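Participant: So the sequence lines, in the order shown, correspond to chains A and B.
In this text, residue positions in the first sequence follow this note's numbering: the first is 1, and each later residue adds one.
In this text, residue positions in the second sequence follow this note's numbering: the first is 1, and each later residue adds one.
If you're looking for bench data, these hints aren't it; they were derived computationally from the structure.
Note that this is a predicted model, so its numbers are computed, not measured.
For glycine and all other residues, C-beta sits at the position ideal for the given N, C-alpha and C.
What you were told as hints is all true, and nothing was included just to trick you.
Here chain A is said to cover these stretches of chain B; the calculated rule only asks that three of the stretch's residues, wherever they fall, bring their Cβ under 8 angstroms from a Cβ of chain A:
1. 17-28
2. 62-72
List time: in silico BS3-like cross-link candidates among lysine-lysine, alpha-carbon distance up to 30 angstroms:
3. B:239 x B:111
4. A:111 x B:243
5. A:111 x B:239
6. A:111 x A:248
7. A:67 x A:239
8. B:67 x B:243
9. A:202 x A:243
10. B:111 x A:239
11. A:243 x B:111
12. A:67 x B:111
13. A:239 x A:111
14. B:67 x A:111
15. A:67 x A:111
16. B:67 x B:239
17. A:111 x B:111
18. A:202 x A:239
Protein chains: 2
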Amino acid sequence: MNDPKASLAQVRERIDSIDRQIQELISERANWAREVARVKGEGLSAIDYYRPEREAHVLRMVVDRNKGPLSDAEMVRLFREIMSSCLAQEDPLKVGFLGPEGTFSEQAVRKHFGHAAYGLPLGSIEEVFQEVAAGHADFGVVPVENSGQGMIQVTLDMFLTSEARICGEIELRVHQCLLSRAASLGEIRRVFAHAQSLQQCKTWLRINLPEVECVAVSSNAEAARLARHADDAAAIAGKTAGKIYGLKPLAEGIEDRADNTTRFLVIGRSLFPPSGNDRTSLLITVNDKPGALYDVLSPFARHGVSMNRIESRPAHTGKWQYAFFIDVSGHIDDAPLQAALADMGPVATQVRVLGSYPVALP
Amino acid sequence: MNDPKASLAQVRERIDSIDRQIQELISERANWAREVARVKGEGLSAIDYYRPEREAHVLRMVVDRNKGPLSDAEMVRLFREIMSSCLAQEDPLKVGFLGPEGTFSEQAVRKHFGHAAYGLPLGSIEEVFQEVAAGHADFGVVPVENSGQGMIQVTLDMFLTSEARICGEIELRVHQCLLSRAASLGEIRRVFAHAQSLQQCKTWLRINLPEVECVAVSSNAEAARLARHADDAAAIAGKTAGKIYGLKPLAEGIEDRADNTTRFLVIGRSLFPPSGNDRTSLLITVNDKPGALYDVLSPFARHGVSMNRIESRPAHTGKWQYAFFIDVSGHIDDAPLQAALADMGPVATQVRVLGSYPVALP
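One chain only, chain A, in its complex shape (with noise of 0.2 angstroms):
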């Protein structure tokens, strides 16, 4: 092992034959995954026997496992991939999302559903919602949140008037950093970013460079290749975008709020059985009269469901009617989530279940 080519021969070698092994697994994998849909009796189409909480369960036995040296994100794409090509045996499924190709929401479908999977961009949110009720699309993906800004009203009214269940959840994380070629904070006059990333980062950019200029630019890689070419500018981008344009990060995780995470919704036209971590939402519409939020909310404390979020609606049912979006822990099969709703009694006017899904993995 101490010549060095005959040393890197044999570790190829190793290589090749690990790879031989790999490559009969998948088809061994591919042939069962063929199985399933034989043995479901079903069509042949890849939404017929797609199961969310399948892949949850999969990819979260992946992450257990995970011993390194790639990381727990890495091994979860690369299993996602392999899930992905496996289901697009006959008909891949069709992922409507907001286009064009490129954005933001595409990663999302890609984190999700891999890259064998059909991406349909659409040119609304509605448009989303539309296309996956006609049966245009399987599923759907809408961002709903985002930690910085709260949540997006317009996904959230869809679900007042759509049949869309929701069967999954999607996170994808952006910390953003300063990027430029300037060696300190004394030397920049200007900051490029786009206009939502200022927003994100408005204290720090307040407390910070009080005094310079800030330019808001079409998206944050365009910033970063503005500060590519200046000595005074710098850019609001991620990291990746600064090793990517050379720039160094003058200060990171710059945004107001520490975990800047961007959550989508996977919407479909049905419900999933349990995966065995998984969160259930809510939309509960009440009469507007003195307690009836408390009235709506204690039934889940008092049978031990933990709450991860509530949004309030005016409702489009009735005149002087919110509705609730809430977010509980568990599925709706489970008894605890169950004993909650049956003593809800008629303060809600209406109690529909959006979905119970996986929670989004890391």
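Go by the hints and put chain B onto chain A.
Facilitator: Relative to the frame of chain A, chain B by itself:
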């Protein structure tokens, strides 16, 4: 095995066990990939130990071994991703391409480098060359030929003035279909497509739909979306778009050239060793005198080197000089090619090896 539920559980257990083995092997592979880096004793950036000839060799073995059920392309895709993840354990490769994201060029980047590489969307083909030369990008991906429309001159011209080396080629195949909601050609009054696609299919359109109105739109995906809402319209797009948008293919393979492929080159800063199935691109400058072309070409024939392509361009180096871009089979290290070049004599004022690189995988 008669109880479908029991049987499904058994299949899933089998798949879980396969996944465990795949994961162990991928982790082991990733560890060996680190070992390659260590053996090479070089820095920590992927560019220091990325070897295109080795990757091509590995993928060719994958194709040779593949017995299904996954297609060769799908299996190659999975191994690309596995290699991409293993390579990206340190600083991932940075690959420049003609942006924005979501374009055909990005598809080529992903097909060749997988999703763990950093894609660097740039503003022009010239910029891709510049960023590679300056070391801001490790590699660049540029379109060089569309089988329907010939060589892309701006790319060829860049080689006249830049030191870029060709390290690989990528082929993306597109078969155009006429997609519609209508039941037959007779009902079609309008055809939507990108201008380039209309151009690529003009013979077929003239013969089969001489009376229709051809409408150029921003992309074929947009064309498919428009056709979906009309009974008398059709779109030209790939078969996949038909599946995505729920349109029937009224005719397939309607492009004037049956083999509608876009070819991309991977450009870098150095030459790489043979992979076993290579192509060499040469740039040969000659003085414009009678018989010059013949004198340049005959040594190849004499030494049994087969030529794949030739394209002439006025050279920028002097008046009345011509540059020939010539692609031949084999690697520059191969004896017959060496002999042919030695044999070329004084007719060639300059012979530059642009690169020897693995022939594109299907």
